[in-house]
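**Student:** Assemble the complex: chain A is given as a structure, and chains V, B and D must be docked to it using the hints.
Residue numbers (this note's numbering), protein chains in the order written: chain A, 1 to 360; chain V, 1 to 360; chain B, 1 to 360; chain D, 1 to 360.
Honestly, the hints are just simulated from the structure, not real lab data. Among the hints, a few may not be true.
[Stated by the list, open to error] In the EDC-like style, the derived pairs of lysine to aspartate or glutamate whose C-alpha atoms are separated by at most 20 Å in a straight line are:
{"id": "1", "chain 1": "A", "residue 1": "Lys75", "chain 2": "B", "residue 2": "Glu96"}
{"id": "2", "chain 1": "D", "residue 1": "Lys325", "chain 2": "B", "residue 2": "Glu266"}
{"id": "3", "chain 1": "D", "residue 1": "Lys75", "chain 2": "V", "residue 2": "Glu266"}
{"id": "4", "chain 1": "D", "residue 1": "Lys64", "chain 2": "D", "residue 2": "Glu96"}
{"id": "5", "chain 1": "B", "residue 1": "Lys325", "chain 2": "D", "residue 2": "Glu38"}
{"id": "6", "chain 1": "D", "residue 1": "Lys75", "chain 2": "V", "residue 2": "Glu96"}
{"id": "7", "chain 1": "B", "residue 1": "Lys202", "chain 2": "D", "residue 2": "Glu262"}
{"id": "8", "chain 1": "B", "residue 1": "Lys101", "chain 2": "D", "residue 2": "Asp89"}
{"id": "9", "chain 1": "A", "residue 1": "Lys47", "chain 2": "A", "residue 2": "Glu88"}
{"id": "10", "chain 1": "D", "residue 1": "Lys321", "chain 2": "B", "residue 2": "Glu266"}
{"id": "11", "chain 1": "D", "residue 1": "Lys273", "chain 2": "B", "residue 2": "Asp293"}
{"id": "12", "chain 1": "D", "residue 1": "Lys60", "chain 2": "D", "residue 2": "Asp100"}
{"id": "13", "chain 1": "V", "residue 1": "Lys60", "chain 2": "V", "residue 2": "Asp100"}
{"id": "14", "chain 1": "V", "residue 1": "Lys151", "chain 2": "V", "residue 2": "Asp174"}
{"id": "15", "chain 1": "D", "residue 1": "Lys315", "chain 2": "B", "residue 2": "Glu266"}
{"id": "16", "chain 1": "V", "residue 1": "Lys146", "chain 2": "V", "residue 2": "Asp63"}
{"id": "17", "chain 1": "D", "residue 1": "Lys147", "chain 2": "D", "residue 2": "Glu38"}
{"id": "18", "chain 1": "A", "residue 1": "Lys101", "chain 2": "A", "residue 2": "Glu88"}
{"id": "19", "chain 1": "A", "residue 1": "Lys101", "chain 2": "A", "residue 2": "Glu266"}
{"id": "20", "chain 1": "B", "residue 1": "Lys316", "chain 2": "B", "residue 2": "Glu176"}
{"id": "21", "chain 1": "A", "residue 1": "Lys47", "chain 2": "A", "residue 2": "Asp89"}
{"id": "22", "chain 1": "V", "residue 1": "Lys75", "chain 2": "D", "residue 2": "Glu40"}
{"id": "23", "chain 1": "A", "residue 1": "Lys277", "chain 2": "A", "residue 2": "Glu261"}
{"id": "24", "chain 1": "B", "residue 1": "Lys75", "chain 2": "A", "residue 2": "Asp100"}
{"id": "25", "chain 1": "V", "residue 1": "Lys325", "chain 2": "A", "residue 2": "Glu261"}
{"id": "26", "chain 1": "A", "residue 1": "Lys273", "chain 2": "V", "residue 2": "Glu266"}
{"id": "27", "chain 1": "V", "residue 1": "Lys101", "chain 2": "A", "residue 2": "Asp89"}
{"id": "28", "chain 1": "B", "residue 1": "Lys275", "chain 2": "D", "residue 2": "Asp100"}
{"id": "29", "chain 1": "V", "residue 1": "Lys273", "chain 2": "A", "residue 2": "Asp100"}
{"id": "30", "chain 1": "V", "residue 1": "Lys321", "chain 2": "V", "residue 2": "Asp293"}
{"id": "31", "chain 1": "A", "residue 1": "Lys325", "chain 2": "A", "residue 2": "Asp89"}
{"id": "32", "chain 1": "D", "residue 1": "Lys101", "chain 2": "D", "residue 2": "Glu266"}
{"id": "33", "chain 1": "V", "residue 1": "Lys99", "chain 2": "A", "residue 2": "Asp100"}
{"id": "34", "chain 1": "A", "residue 1": "Lys316", "chain 2": "V", "residue 2": "Glu266"}
{"id": "35", "chain 1": "A", "residue 1": "Lys275", "chain 2": "V", "residue 2": "Glu311"}
{"id": "36", "chain 1": "A", "residue 1": "Lys202", "chain 2": "V", "residue 2": "Glu262"}
{"id": "37", "chain 1": "V", "residue 1": "Lys321", "chain 2": "A", "residue 2": "Asp100"}
{"id": "38", "chain 1": "D", "residue 1": "Lys277", "chain 2": "B", "residue 2": "Glu311"}
Read off the chains here:
Number of protein chains: 4
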Amino acid sequence: MSFNTFGKIFRFTTWGESHGPAIGCIVDGCPPNIPISEKEIQKDMDKRRPGQSKFTTQRKESDKVSILSGVFQGKTTGTPISMIIYNEDKRSRDYESIKDKFRPGHADLTYFKKYGIRDYRGGGRQSARETASRVAAGAIAKIVLKKIIGKKISIVGAVTQLGIMGCDASKWNDSEIRKNPFFCPDKSSVNLWEKYLLEIRKSGSSCGAVIELRARGIPVGLGAPIYSKLDADIASALMSINAVKGVNIGAGMGSAFLTGEENSDEIRGGAGKIKFKSNRAGGILGGISSGQDIIASFAVKPTSSILNSRETINKKGRNTKISVKGRHDPCVGIRAVPIGEAMLACVILDHYMMNKAQCS
Amino acid sequence: MSFNTFGKIFRFTTWGESHGPAIGCIVDGCPPNIPISEKEIQKDMDKRRPGQSKFTTQRKESDKVSILSGVFQGKTTGTPISMIIYNEDKRSRDYESIKDKFRPGHADLTYFKKYGIRDYRGGGRQSARETASRVAAGAIAKIVLKKIIGKKISIVGAVTQLGIMGCDASKWNDSEIRKNPFFCPDKSSVNLWEKYLLEIRKSGSSCGAVIELRARGIPVGLGAPIYSKLDADIASALMSINAVKGVNIGAGMGSAFLTGEENSDEIRGGAGKIKFKSNRAGGILGGISSGQDIIASFAVKPTSSILNSRETINKKGRNTKISVKGRHDPCVGIRAVPIGEAMLACVILDHYMMNKAQCS
Amino acid sequence: MSFNTFGKIFRFTTWGESHGPAIGCIVDGCPPNIPISEKEIQKDMDKRRPGQSKFTTQRKESDKVSILSGVFQGKTTGTPISMIIYNEDKRSRDYESIKDKFRPGHADLTYFKKYGIRDYRGGGRQSARETASRVAAGAIAKIVLKKIIGKKISIVGAVTQLGIMGCDASKWNDSEIRKNPFFCPDKSSVNLWEKYLLEIRKSGSSCGAVIELRARGIPVGLGAPIYSKLDADIASALMSINAVKGVNIGAGMGSAFLTGEENSDEIRGGAGKIKFKSNRAGGILGGISSGQDIIASFAVKPTSSILNSRETINKKGRNTKISVKGRHDPCVGIRAVPIGEAMLACVILDHYMMNKAQCS
Amino acid sequence: MSFNTFGKIFRFTTWGESHGPAIGCIVDGCPPNIPISEKEIQKDMDKRRPGQSKFTTQRKESDKVSILSGVFQGKTTGTPISMIIYNEDKRSRDYESIKDKFRPGHADLTYFKKYGIRDYRGGGRQSARETASRVAAGAIAKIVLKKIIGKKISIVGAVTQLGIMGCDASKWNDSEIRKNPFFCPDKSSVNLWEKYLLEIRKSGSSCGAVIELRARGIPVGLGAPIYSKLDADIASALMSINAVKGVNIGAGMGSAFLTGEENSDEIRGGAGKIKFKSNRAGGILGGISSGQDIIASFAVKPTSSILNSRETINKKGRNTKISVKGRHDPCVGIRAVPIGEAMLACVILDHYMMNKAQCS
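Chain A extracted, bound-state conformation:
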């Protein structure tokens, strides 16, 4: 059971609403003696932070993370690491006008029907603000992975599809990703994307996105059949992110279109090394990492809050209309990049620890 907890050994539990005093998380099961600082975590927080470009939400949050426990003299103690992020831009009055309406595409209706009560301010618990806690937990996971596996490990995400606009994944360049406001890995697509998204924003609409994650330097043997498969846990991790509707591992949904020859990555040995001739499997076979790069991607649906008027009902079940006033966020998918990285880092560390428990 884990309503608000993720993970098996390396676990984090998040709490908080968009417009409460703060949000935060507890990271439990972290290995001891790992040097950790708020500053290091803050770097990842800043990647997700809102208000960084005209293409993401204009909410102003510094998203400053504070560590309240579990770190002593700069090192983890093996006890729970509690982190808190105060909510600063809580303009709850903005939500008064919609407090009795259910926003289409949001979870307003389902939360209300489930719980019989809902915190309508900014979506309350359903707000993507919760993902800031994931990024904080993921930042710790990354630090631990680098410390115990080594510096060769890297977990990098990018937007590979922005609405109807693709990019050339063969031109993927890690250092390019942070240079443009779309986390696009292919420099040649940036200008086109910018025009496209400006148009979307101007029209008061929104678009979806596909984010691809690449984890390199991952040891072989992580993952556990049958119901803790590495890919099953990645799928759960990514699908739990707000607005995600699809998850692929390697060739993913496209596997259906392949032939057996194309699909089964051939293996070559020699000199004590194992090489695969392709990576349709996304680095995972039978739920266990193969030593290849782990490749996962996920789709984020278009921002549900748009300027254009939408039909809906109110709490009394009566028909009404709704629209967002002022500026909006034309593509929530963009900010999902650091969140996806964080979730993947947590899954990998968790499986690293599980594998150590059973198989080392």
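**Tutor:** Only chains V, B and D this time, still in chain A's reference frame:
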């Protein structure tokens, strides 16, 4: 932690290898006083059973399930239900020739690297034979759901994409699905699919498939933020099935291509009823069921064991080749239909019980 | 896995060290729409609060609890309830003198050997200060139980043995318990206990205690065989409290001395009611509540920090001595009463919810 | 959630009723490449097997265990180990006379009230027959512990109190324990115990027992604060055994009577070794093993089924009487010795693996 256990309250644990004496599962947390019979479970088992057409594996298994505990005088007692299925067609000698080779696309390599030992007979634990246990557990979940939610509930799966061949999902017809060997829901596609798959088989190759699941009559309010979201648990459940590489909820990966207007399903009320004008969300908003049909789909990669020779290495790391002798299974995805249904049924029942615990 | 989490459906996770900025907990799985206030929780906090009499620790803490999430307009929303308690009396310098020594009877040595690092300030995570979080979680559990089961439910604890001094349990009087500084339920023992404990304190020594818990008005049917038995979960809950070394259910360890006739509580019926002629079982049969009062008791070992000098070693493994300076706490068991009540409340609510999930 | 599953990483799930076709368990998370045989497991099964002396139940069971999965060519594969034990002596007709009555001291009433249905044959799931599965799982845990920690580890139990008859624990002799039908560790008490128990049996009554467990050679550092403390998990493990009503760690309930000086085991170092001058703590400080012997004891209540007539009610709530016909079991506690050993072995291995995951 749950290497071989699935679920939170309604849980099942599976065990067994392809070529051991038997496989089986334990269903725990089942509500008491539910009438259950081996005969009823057998119906679902028979849907998955191999050797039913020339398009699926020719292994001969009756897959007869026996209940060993948890049912007294025809009713569940609330204690664990142990089920066993004996392995009959265990021609282990067939595997002697490949016992030192790693089959590309299979988990031979990763199991061996992880555990330092592997049961090479039929893939051992990695064999899709394990899924028979899932179908048995899912059969119980379906019986319980019908008993406690009512007969209006139905969970139906079909193959909607066979390799490069699609079908017209708007022609989906439940009663058609069981009439053709492909679980195709669109009668008009069956002949084309048959020709296509015969060709694939004859060429010694294989193809992938997409399976779509539709759960109807599901109450609003199932699912629990943030890390037990209904869709996250469905994603984990489906991705844990052998050879699955992608999972979609509703519009899924296609969400990326939609506009905000297309994506956010508008809501209409009146007369105490709630209707949605579309179902891009696949019946799940914020991880909670909306009362609409739950729509999930998943891709199964092409059968990795094909007649054509493939490059690989042996246990010593030396280069070699491998190919399957005799008949092969041109599309493992076909038999995934009842498995997908079973997993979805288990997830829904589990969340039904969780919701009852917290919110009723 | 649950290093710092307790419970199955109604779960709480605690964090924080004795001398960090704060401690706190997250309560997850709480039913929605339950009226909850900080004021109500504070009442239970105040029972555990240090510095209330000369017989308990002189640390000055207001132990003021703040709710950071999960409550909206005075009611629970079904989302995680985060609570924080700031540490005020953090005289960390007091611990400089013992930072390289392992206090006998404390977990200094085992924490250091396990983690390779320890927060020596006030014991860090091993400090009983953590139990303040349990009391906060338990306060919520009690409020929920009263709301959903009814006001007839009560969970009351008392000290029934103070060192070598017993009391007459047949004179148990709920209203007496809060009137004396020992939580003694038998008025006639209070004076003797006072003299005894003053003597202990004066001599620089300490004594243990037995706390008995009585839960009344508990429905029949709570608890789940085999490994979530109500008594097994109570045993785990109470044994997890700092310094607890023994747990009894009903006749407990004394069961060994009974005859079969004395032990098996006879049952009487009639008029639709079930009565037992005795309650050796402590209200639990086969791990399931019988409808009788649930009776559990636990022993708290004597305070390990005493004025008298004790032999020990330092971090380098060299022999040394240690003693506490200034005032000390002659019986830590006294303050365990509200903690035991809190843990029992959490277990009962958790099982109430589990039972509802499976059996209602 | 774990109705019928015990453990976190090394986990076992049991199933089966006293009078069904079989009982069994699945051991999950076992390390791979451990040599395991049915013969080795059978040795432990035989210790628990009924009908071995006139002092234990006369049910005739060979309790032969068969491994159905998870072991290949004599070694564990890291996949679930399924074990089955067929029920042979199923004289269900014996129970017809009591099928509508609730046996006092048993769980007949609580099972029926909870589930609305009960398998009355031999107690069904509540039967102590379930403990055979624990012994099988524990046998595997012991084999694994010896393999990965080394031969110096030993986990031994004995009856130290038989009804009102104690023994001299200072005369504890491992090799004596198996030589007498009471698992008594003190040779000098055996004759007295025999006379006492014959008397109890002749009188148609029964008595309780205290079992003490000693685990030697356990590494320092096992156990995890706060809610997975080693002692909390041992308490849960032992309290989950049928008829257990109390659990002590080290001085246990007796801690209450100690002074601070007596209680806090002083520590001595030198030459790289750590020695404690006493072991009141039972080898556990702050929930973590200290490297001393782990000492736990538990009380088993007297057999509830006795020859003498007892008052009870029937399913309709009417008053009636009940008594056992023929031979009975004068002290069920005796056979709890191998069960306690098994549970302790499982807890220790589980924590060994957890510790490896987080702290190695």
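**Student:** Hint by hint, say whether it matches the structure.
**Tutor:** Hint by hint, here is what the structure shows:
With a CA separation close to 19 Å, the supplied pair Lys75(A) and Glu96(B) stays within the 20 Å bound. Between Lys325(D) and Glu266(B), the direct Cα distance comes to roughly 18 Å. Compliance with the 20 Å bound is thereby established for this hinted pair. For a cut-off of 20 Å, the pair hint linking Lys75(D) to Glu266(V) is broken: about 58 Å separates their Cα positions. With a C-alpha separation of about 27 Å, the suggested pair Lys64(D) and Glu96(D) falls outside the 20 Å cut-off, and the hint is violated.
For the hint pairing Lys325(B) with Glu38(D), the CA-to-CA distance comes to about 59 Å; that exceeds 20 Å, so the pair is violated. Our distance criterion of 20 Å between C-alpha atoms is met by Lys75(D) and Glu96(V), whose separation comes to about 19 Å. Under the criterion of a C-alpha separation no larger than 20 Å, the hint pairing Lys202(B) with Glu262(D) is consistent with the structure, at around 17 Å. The hinted pair formed by Lys101(B) and Asp89(D) fails the criterion: a straight-line CA distance of about 60 Å is larger than 20 Å.
Of the pairs offered as hints, the one joining Lys47(A) and Glu88(A) holds, with about 18 Å between alpha carbons and a cut-off of 20 Å not exceeded. Distance hint between Lys321(D) and Glu266(B) is fulfilled; the C-alpha atoms sit about 10 Å from each other, no more than 20 Å. Annotation: proposed proximity of Lys273(D) to Asp293(B) is violated, straight-line Cα distance about 49 Å (limit 20 Å). A C-alpha spacing of about 26 Å is found between Lys60(D) and Asp100(D), which places the hinted pair above 20 Å, so the restraint is violated.
At most 20 Å may separate the alpha-carbon atoms for a hinted pair to count; Lys60(V) and Asp100(V) exceed this at roughly 26 Å. Of the pairs offered as hints, the one joining Lys151(V) and Asp174(V) holds, with about 16 Å between alpha carbons and a cut-off of 20 Å not exceeded. Between Lys315(D) and Glu266(B) the CA atoms are separated by roughly 15 Å; this keeps the pair inside 20 Å, and the hint holds. About 24 Å separates the Cα atoms of Lys146(V) and Asp63(V), which puts this hinted pair outside 20 Å; it is violated.
Of the supplied pair hints, the one linking Lys147(D) and Glu38(D) holds, its CA atoms being roughly 17 Å apart against a limit of 20 Å. For the proposed pair Lys101(A) and Glu88(A), the alpha carbon gap of about 25 Å is over 20 Å, so the pair is violated. Annotation: proposed proximity of Lys101(A) to Glu266(A) is violated, straight-line Cα distance about 55 Å (limit 20 Å). Distance check on the hinted pair: Lys316(B) and Glu176(B) sit about 50 Å apart at the alpha-carbon level, beyond 20 Å; violated.
With a C-alpha separation of about 18 Å, the suggested pair Lys47(A) and Asp89(A) falls inside the 20 Å cut-off, and the hint holds. Between Lys75(V) and Glu40(D), the direct Cα distance comes to roughly 37 Å. Violation of the 20 Å bound is thereby established for this hinted pair. Among the hinted pairs, Lys277(A) with Glu261(A) is consistent with the structure: their alpha-carbon atoms are about 12 Å apart, no more than 20 Å. Our distance criterion of 20 Å between C-alpha atoms is met by Lys75(B) and Asp100(A), whose separation comes to about 18 Å.
For the given pair, Lys325(V) sits about 16 Å from Glu261(A) by alpha-carbon distance, which is consistent with the 20 Å threshold. Restraint check for Lys273(A) and Glu266(V): the C-alpha separation of about 55 Å exceeds 20 Å, so the hint is violated. Restraint check for Lys101(V) and Asp89(A): the C-alpha separation of about 60 Å exceeds 20 Å, so the hint is violated. At most 20 Å may separate the alpha-carbon atoms for a hinted pair to count; Lys275(B) and Asp100(D) meet this at roughly 18 Å.
About 17 Å separates the Cα atoms of Lys273(V) and Asp100(A), which keeps this hinted pair within 20 Å; it holds. Distance hint between Lys321(V) and Asp293(V) is unfulfilled; the C-alpha atoms sit about 47 Å from each other, more than 20 Å. Between Lys325(A) and Asp89(A), the direct Cα distance comes to roughly 17 Å. Compliance with the 20 Å bound is thereby established for this hinted pair. With a CA separation close to 55 Å, the supplied pair Lys101(D) and Glu266(D) exceeds the 20 Å bound.
Of the pairs offered as hints, the one joining Lys99(V) and Asp100(A) is violated, with about 65 Å between alpha carbons and a cut-off of 20 Å exceeded. For the suggested pair Lys316(A) and Glu266(V), the alpha carbons sit about 16 Å apart, so the restraint of at most 20 Å is met. Between Lys275(A) and Glu311(V), the direct Cα distance comes to roughly 11 Å. Compliance with the 20 Å bound is thereby established for this hinted pair. Pair hint Lys202(A) plus Glu262(V) holds up; C-alpha atoms about 17 Å apart against a cutoff of 20 Å.
Between Lys321(V) and Asp100(A) the CA atoms are separated by roughly 66 Å; this puts the pair beyond 20 Å, and the hint is violated. Using a Cα cut-off of 20 Å, the hinted pair Lys277(D) and Glu311(B) holds, with the two alpha carbons roughly 9 Å apart.
Checked against the numbered hints given earlier, the structure breaks hints 3, 4, 5, 8, 11, 12, 13, 16, 18, 19, 20, 22, 26, 27, 30, 32, 33, 37 and satisfies all the rest.
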